[in-house]
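Asker: Throw the hints in and build the complete structure from the sequences for me.
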Amino acid sequence: MPVTFLIPSYLGSLAGNCTTLFLDSSPKNVHDALAALWHLHPPLRDRIVDEQGAVRQHINVFVGDECIRFTGGLDTPVPENVEISIVPAVSGGIYSLE
Amino acid sequence: MPSIRHISAKHGDVLLMIGTLKGLFVLRSNAARKKWEVGGPYSYGSPVYAAAFDQRNGRHRLWWGQQSFRWGTILRSSDNFGKTSTEPETYSIKFPTETGLTLKNIWQLRLGRADEPDTLYCGVEPSSLFVSHDNGKSWSLNMGLHNHPHRLKWTPGGGGQCLHTIQLDAKDNKRMFIAMSTGGVYRTDDGGASWNARNKGVRADFLPEKLPEFGQCVHKVVSHPSQPDRLYLQNHWGLYRSDDGGDWWHDIANGVPSDFGFCMAIHPHDPDTVYIVPIESDEYRCTPEGKLRVYRTRNAGRSWEPLSRGLPQKDALEVVLRDGLATDTCGKAGVYFGTRSGKVYGSNDEGRSWQLILGGLPSVVCVKAAVLNGSASHSGKGKGTTSNSHKPRKEKTSKSRKHSARK
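If you're matching them up, the sequences are chains A and B in order. Numbers 0 to 97, taken from numbering that gives the first Met the number 0, label the letters of the first sequence in order. Numbers 0 to 406, taken from numbering that gives the first Met the number 0, label the letters of the second sequence in order.
Simulated from the structure, these hints should not be mistaken for laboratory data. All the pointers check out, no bait thrown in.
Here are some of the chain A residues that sit facing chain B, going by a computed Cβ distance under 10 Å:
| hint | residue |
| --- | --- |
| 1 | L10 |
| 2 | P42 |
| 3 | R44 |
| 4 | D49 |
| 5 | E50 |
Restraint ranges, calculated between C-beta atoms of paired labels, are given here:
| hint | chain 1 | residue 1 | chain 2 | residue 2 | range |
| --- | --- | --- | --- | --- | --- |
| 6 | A | D64 | B | N172 | 50 to 60 Å |
| 7 | B | G157 | A | S90 | 15 to 25 Å |
| 8 | B | G157 | A | A53 | 17 to 27 Å |
| 9 | A | K27 | B | E282 | 52 to 62 Å |
| 10 | B | N56 | A | D64 | 53 to 63 Å |
| 11 | B | G157 | A | S8 | 32 to 42 Å |
| 12 | B | E208 | A | G52 | 31 to 41 Å |
| 13 | B | E282 | A | E79 | 56 to 66 Å |
| 14 | B | G157 | A | Q56 | 16 to 26 Å |
Note that beta-carbon positions come from the ideal geometry of N, C-alpha and C, so glycine has one too.
Answerer: Listed below in structure tokens is the structure:
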């Protein structure tokens, strides 16, 4: 399998109750990999990226062990047989109120 | 995971929807409003800043906004008081890509008028108005407001750049009001095609020009359906009334310990009666003198009286946020508010006396009340609404029996 996605259980509940998802295609970069993921599982899109297509602030995407925030964002290359992990960040949880 | 409880309700029951920073609670009582059952939390763990209960066309549909700092903000609905609710596959409220904006939060849900039973309005952050004419299936951004030349000069208040108030003129379907922090009040007279600032007389102490055309930090505006040209406004410093649809605002801070505050609610049957909870100042955002007091005017703001029977009058350092105060529509109106410290108080006698309904909640940011009408009583055993894009999901529960409100 060229690419494997590892997703958290909440997202898995929207993807046939699977937290490991496989892509048969060979995407060039993370943008293409995510587009293929949306095609297979449309509910995942709005939860992972916002209206502008940016990965939500408190979600991290790792290609292998590297967070794409430091490797080119959605343009980060995707090697063959790599695992892409979508992980809730430890940030967040502070809200404005008034 | 918390224990999720569910309520059932029947004709004549009173519902309270309590939005907190960690989920939505739904409370039920009979017309006496002395004992309350507690349902929820729904959307547990997520802030719920907006809720509404739609009884038009025989529905009994609960709507609420669910904000998740991880997964974004969605609108949910339930036809059985929260037991099952919609989980949209794709988010229905989204900014068009060309705007460059992203939805931060849903601050206000407003049902359309009785003669537009499939219309819903939604105020969001960043300050924008969305409208649905198919009962929430699809939403569109109001471009009249979005294209307003003032928009780029609106700046966020302490809660973000939020459109938190939507008031519909009950006699003129083309007229409505919105309010935001900051920005102020805007009115449309052509069904939302165009909007004009309506802030004359409202102070903006935090700006060099104290009475600007726009830019005020308005916290809440209320009006009564029988007198749509009369509006009341709780400002970031300032209490006001307008008798001409917002063309001019008059200072009505007569006899209140502070004219700073967030929340405001109008009596359901008397357009001269309004409730507020004053806050000491914007520097010290707690109830003055450590006394938790609701203030009421029964003469359209010519005077205000404190309502404190049953409320703590010592060391009560509380704050009630902008959507944290509500009235029901019972003959003898109920008044309810929730505090940032997680307490919900209620009065079943128009504010004369109060009781603690529920404590120990997360911070309360939204209180809405409804009296259940119609014959379609619900046992809480049904399913949520379904459509191609909405699938009902049952909140996981470890207990299904009813629980009484804890104090």
